[in-house]
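Chemist: Here is what each chain is made of, one letter per residue.
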Amino acid sequence: MKFDKDGNVTTFEKKKMELYHELSLQARDLRFQHLTSITARNNNIIIRMEALKAVVTPNSLLVLDFRGLGLERWLVLELAPQLNGDHGALATHSLPFEFRALEAILQHRVNTLQARLNEVHPVILDILESLVDPKLLSADRSKLHILLQNSKNLSELETDIKVFKDSLLKILDEEEMIEELCVTKWTDPRVFEESSLGIDHAEEMELLLENYFMQAEELGNTTRELKGLIDDSESVIFINLDSHRNVMMRLNLQLTMGTFSLSLFGLMGVAFGMNLESTFEEDPKVFWLVTGFMFLGSGLIWRRLLSFLGRHLEPTIPPQIPTVWKRNQINSKGGEVKSGLR
Amino acid sequence: MKFDKDGNVTTFEKKKMELYHELSLQARDLRFQHLTSITARNNNIIIRMEALKAVVTPNSLLVLDFRGLGLERWLVLELAPQLNGDHGALATHSLPFEFRALEAILQHRVNTLQARLNEVHPVILDILESLVDPKLLSADRSKLHILLQNSKNLSELETDIKVFKDSLLKILDEEEMIEELCVTKWTDPRVFEESSLGIDHAEEMELLLENYFMQAEELGNTTRELKGLIDDSESVIFINLDSHRNVMMRLNLQLTMGTFSLSLFGLMGVAFGMNLESTFEEDPKVFWLVTGFMFLGSGLIWRRLLSFLGRHLEPTIPPQIPTVWKRNQINSKGGEVKSGLR
Amino acid sequence: MKFDKDGNVTTFEKKKMELYHELSLQARDLRFQHLTSITARNNNIIIRMEALKAVVTPNSLLVLDFRGLGLERWLVLELAPQLNGDHGALATHSLPFEFRALEAILQHRVNTLQARLNEVHPVILDILESLVDPKLLSADRSKLHILLQNSKNLSELETDIKVFKDSLLKILDEEEMIEELCVTKWTDPRVFEESSLGIDHAEEMELLLENYFMQAEELGNTTRELKGLIDDSESVIFINLDSHRNVMMRLNLQLTMGTFSLSLFGLMGVAFGMNLESTFEEDPKVFWLVTGFMFLGSGLIWRRLLSFLGRHLEPTIPPQIPTVWKRNQINSKGGEVKSGLR
Amino acid sequence: MKFDKDGNVTTFEKKKMELYHELSLQARDLRFQHLTSITARNNNIIIRMEALKAVVTPNSLLVLDFRGLGLERWLVLELAPQLNGDHGALATHSLPFEFRALEAILQHRVNTLQARLNEVHPVILDILESLVDPKLLSADRSKLHILLQNSKNLSELETDIKVFKDSLLKILDEEEMIEELCVTKWTDPRVFEESSLGIDHAEEMELLLENYFMQAEELGNTTRELKGLIDDSESVIFINLDSHRNVMMRLNLQLTMGTFSLSLFGLMGVAFGMNLESTFEEDPKVFWLVTGFMFLGSGLIWRRLLSFLGRHLEPTIPPQIPTVWKRNQINSKGGEVKSGLR
Amino acid sequence: MKFDKDGNVTTFEKKKMELYHELSLQARDLRFQHLTSITARNNNIIIRMEALKAVVTPNSLLVLDFRGLGLERWLVLELAPQLNGDHGALATHSLPFEFRALEAILQHRVNTLQARLNEVHPVILDILESLVDPKLLSADRSKLHILLQNSKNLSELETDIKVFKDSLLKILDEEEMIEELCVTKWTDPRVFEESSLGIDHAEEMELLLENYFMQAEELGNTTRELKGLIDDSESVIFINLDSHRNVMMRLNLQLTMGTFSLSLFGLMGVAFGMNLESTFEEDPKVFWLVTGFMFLGSGLIWRRLLSFLGRHLEPTIPPQIPTVWKRNQINSKGGEVKSGLR
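Protein sequences, first through last, are from chains A, B, C, D and E.
For the first sequence, our numbering puts the final residue at 1270, and the numbers step up evenly by one.
For the second sequence, our numbering puts the final residue at 1270, and the numbers step up evenly by one.
For the third sequence, our numbering puts the final residue at 1270, and the numbers step up evenly by one.
For the fourth sequence, our numbering puts the final residue at 1270, and the numbers step up evenly by one.
For the fifth sequence, our numbering puts the final residue at 1270, and the numbers step up evenly by one.
So here's chain A without its partners, still in its complex pose (with noise of 0.2 Å):
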């Protein structure tokens, strides 16, 4: 455990009935069973962010069972001169020590949940933009999993937020809790008096809980933008794979109607083609004719299909919509071969 005062910090270890005596608090007040919680207790404020558990007193800030996670570097080098009041950076180095304690701790709070929502907006916006990427035929199915395992992330910082949100929430619509807050002023008899003069802490501390909770509003806001995004963007990415198979149908479809012309006029290839007395063998003339009528009548029952097709998918009541003169051109057009890929 360690021990931070007015600036110096020390490190020590004690048993936690010992720290319960000294801040004259019970076993349950330091249960710590929310992962967000602040609550006031007999002029002690205790906090919950997460990993990081803390008790302000009105002139020491405690934080318990700091090891291992990863809060070392911001405690020794950020915490203390914040707390310290040489930080110049923040606001309230005017006020009691509970506030600049409080601050620090929600700032430092703050600060993860943006952090976190830095690292997972670039991503998603990134394999957003190359998913929508209309060229594409098919979605890159690896870029999907990692679209979801971010997905994934920005629900649950999505919920933190709402709690951290929540637990502010909960103080500011409560008079009573803000007031036992500012524990300096219930402890210093000296504050006592100049808060009825007018000076008032519990207006300052609503501020600072306020701006925090505004702060959280802000990511509350930008994370449901995100969803939002991701949401639109998987419409889209539908729409664009159903265009793509549809074009690629219809393209189907035209040289389907061309083997089926082929097949049928080859059957008469086939026919003469059987070792069969026809009458026909001799005549010179029967190969052209029977050739150029097999080519030709595919070519032309190709071209049928294909302006029946253009006509198959045009809408049933064109009369309301002006343009589709000109779109029946081009598709009666379409029998040629070449217009009628294109």
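In case anyone wonders, no lab produced these hints; they're calculated from the structure.
Keep in mind that this is a model prediction, so the values were computed, not measured.
Heads up, some of the hints might be wrong.
Treat identical chains as interchangeable: a pair holds within one or across any two.
Pairs of lysine-lysine, DSS-like flavour, derived with a Cα cap of 25 Å [said to hold, decoys possible]:
no.: 1; residue 1: Lys1063; residue 2: Lys1080
no.: 2; residue 1: Lys981; residue 2: Lys1063
no.: 3; residue 1: Lys981; residue 2: Lys1090
Take the given structure of chain A and dock chains B, C, D and E to it, following the hints.
Modeler: Structure of chains B, C, D and E alone, referenced to chain A:
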């Protein structure tokens, strides 16, 4: 930095510290941590609306850091006359200065949001209109890309409207905050007396804020409707694409049936084409017999398959639906080539 | 402008300024910035319901700018008798004039909303009924277009109902505003005295507003149900189209299997059709042997493929589902041409 | 009209006006404008639950317009004993008459809602069970039709439950309205005195209403779960149909590959079948060579295409997924006809 | 029935009436109409948590109808020590008996819910993991069935958690109800005095209930995340299946193009195979010429079709997207058989 007094416009630069001192504010009050916020502090109203940062004092409006934001034109051309009270369109010209200033800023914000909506709205409607066109076999993928981009902008706009509404609602929900916003009331003793005679500034302020809240609400309703329209259109696009596909698939199936029939009876021709003795070689009638059988057989089998397909696509319990009989007849006639393909 | 008094109808034109003066209102009060609003100002009720703008004074109703809105018929034929109290269907004829006026206007608004719903409702039901028809292979795309149009109208109607409900709710939530709406109470001293004797106008007003709020709520419920029905129907349409496609695909696959079999054994025929010496040329039995082998082999391979397909479409873990055995039998018989296609 | 007193049942017809007079109500109070409402007026409780219209006075229950609604059986057989207090199952028999009447009517309403849910619930579960069956290639479209019908009924039921809950909640939210419902308390001076001694009718009334509110809540939860189940099942149906389609498509592709191979090498046979001089005509080995080459070449090309297909359907970045190797082996063996189709 | 006093466990059977008398409750109070409810009546707390029905008196806990519910083990092994206060893990051992009893029951309920979640959670994750696998061509339908079953269980669990939370929230929202739950306070005059000295039972009770409310909230968050994950995974499965289909479709189309080319030029061979005089019969070069033309022509046409397909699948407005050029090159090379299929 710039300085706007009752009508005159002055631009000057000041150090932050001097400004704090002059307005008797603390450094923290002018930090503008949130993108959208309205706060009252020591008879000053501190406003931030995205890029615009302003401080309203009882008889002047200070706009901070206004350079490079594209706001200059609005500041010079529109804001000054509005504050001056010359601009007849504003209803608050008989009210204290802070009303005029607040109204000008809120109106500017609502106008900005409205302008963003006006930009996105027709583009989305146009794209949807062209995507939903029932004649299209496939969705234009570059349009989908633009749609996605606009739908993302719409989400961001929705969030901004929500944040603007929330910041107004927060004030409207607390009577005290509305009172604080009426800064003239607290600084001008004459006005303070009046207010006890029934001329209530707070009520006017509530009406003013409510007015802009409702304007934002209307914007929010429009964006929500637009989002719903995008969703509905996407469903219709999907059904369109699926329908096209089914129609093409049926055509494909009908042609596959034809090809199958031709192959089946073509096999016969191939058989007779083998250089093997079949004893029929010399009989002249056999040629016509087999050829006729091949073509006729193909036709009959195809007809049979088509009528089978017609029956197959019927629902399993036809008695419930009275129109089935009529359709059955159509389908049984479908064996002929042309009507079968129609 | 028009003027409606206790029963008589007068039409006249007035300048705005005179009107303000006469009603002791400010210019701002008659600006009608929101599409739907009910406000009380200096013993006048100012109402806007989309196109209809009206001012209710204790003993008259002024309808402003009524020309060219299609409201004339309603104003002349229905509004006058209702205000007169002759129209027996209105329950408030024993109550002061402002009740009659307010009821007439709210009733008109609810009727308008109801009429719009009545217009959209049967069209949507009809289209859905015809689109959901399980016999259809493809959705009629012109109907989809109409559906989309109506679904857009429905969204707009939903928003209007919501706005109407919200503006009523805002009044119902504040006791004071209801009191202000009872303008007769404040102008007529006789009524004021009565009200202290238990005849409470405010309560009557609350009942009246609540009544229309609940009517709007019922309209809102109907639109929500309709939207849900559209969503459900779309799912059913998709499943329908998908089912059709799967059935056609299986048929297609079965025919492709047939064509493959025929090609495979047709290759044999082609081989013997080559102008190459195979030593079998003179043997008369070989023709029948090979021909028979070709047709029989095709049939057998096809049968094998079909039964393979039957097995392939079974679930991977059949023991869990007791009906599998029955189906397996059907499928193994599927090798015969006819039953395989059924 | 009918008249139910403490135990006796009387049926009589009365004019509306007489009724109003007798109950000292106004015409408007008995208009029953909303489908579901509970109101207290002059020591009478006016209830409407869809078809059932009733007035509860301190010592009688009047059911209005009860004919032709299918309510007769319930009125005669069940309502009378319940009101009489004989029906042991009701908990309120020691309480004033209006409690018994209200409880009987609310119980009837909840029973009706429950009955409607019981009707829809098993049908939907059955249909979903059969539609979700993984063995099915296509969804039974007549079942979809029934599902849609039931899902529409479910939506209507959900709305009715919501309306019922809302009308109860409106009363529960206002202490005053609960007081008003205890009509005996206000008419019977003896009871009024008692109530000041701690026997509180209002509290009992709150418990009674809360009880039915929670029963309605449970019904609402069940309908919501059912709706969620329908949605989930639809997704599963879609995945099922898509999976079937993909499996069929792969088979189709494998066969198309086969047909392509046969066509390619069949072309060789056709070439030799031409009546053109190829100089090989007399060589007996060439027949077997070419025939063998045709069949073998087809087989080899097909095998190659199949293994190519196997590789093609693999994910693009196989190293990430350890099971790829195993699958690759299976697919490379897929060149042989049988295993390729498995 | 069973009887648990401060530490001793007694089992006995009693008639309902005796029980009512003993606890001075009414029959109605022990009807347990709702699945989950906590009520205070005459200094007894009546609790129902699904199967578990219990009455907490100031110094004993009665569990009713406990047989055949699988609760015996928990009752005997865990409940007794907890109530006894021996079980060190419970924080309330210094508090009155009803706290211990309530905590034990609520803990049991939360544990049950947690256990159900723990059962469903890994199964769903496993199935999703295997379904989302990008290598799969088709979804395993028996896994879908299990997923659907689990997703249904999850919905039911979600409802149960919601009901549990609501019943706690109902108490937490009303200060009075919390007071009533502190039954010892009202029965033991000594405790009552203490409470006026600052030892507040109600506050402890609120903390206890809030604790379990937050535990339920965490469970609720997890179920919601899980539901979101199922939805996201389903989208990914759909995109996966669609992608596979598109890839297969392109392959199919490429092969159909090949077959078409072969048919087209095969027709030439068939023509020369006819037993008709073409005057080329004797020219030995013609055989090689025609054969070469057939194969080469097929190849060229196919190549042309493939490059046409490549261009066709490009977006319509390529200049916007810079990577198009690169892709175009790849596709134009796609005419060669191998690279075209890659």
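Chemist: All the hints need checking, so say for each whether the structure fits it.
Modeler: We went through each hint and held it up to the structure:
no.	hint	verdict
1	Lys1063 / Lys1080	between (27 Å within a copy, 20 Å between copies)
2	Lys981 / Lys1063	neither (51 Å within a copy, 44 Å between copies)
3	Lys981 / Lys1090	within (19 Å within a copy, 29 Å between copies)
Consistency with the previously given hints fails for number 2 only.
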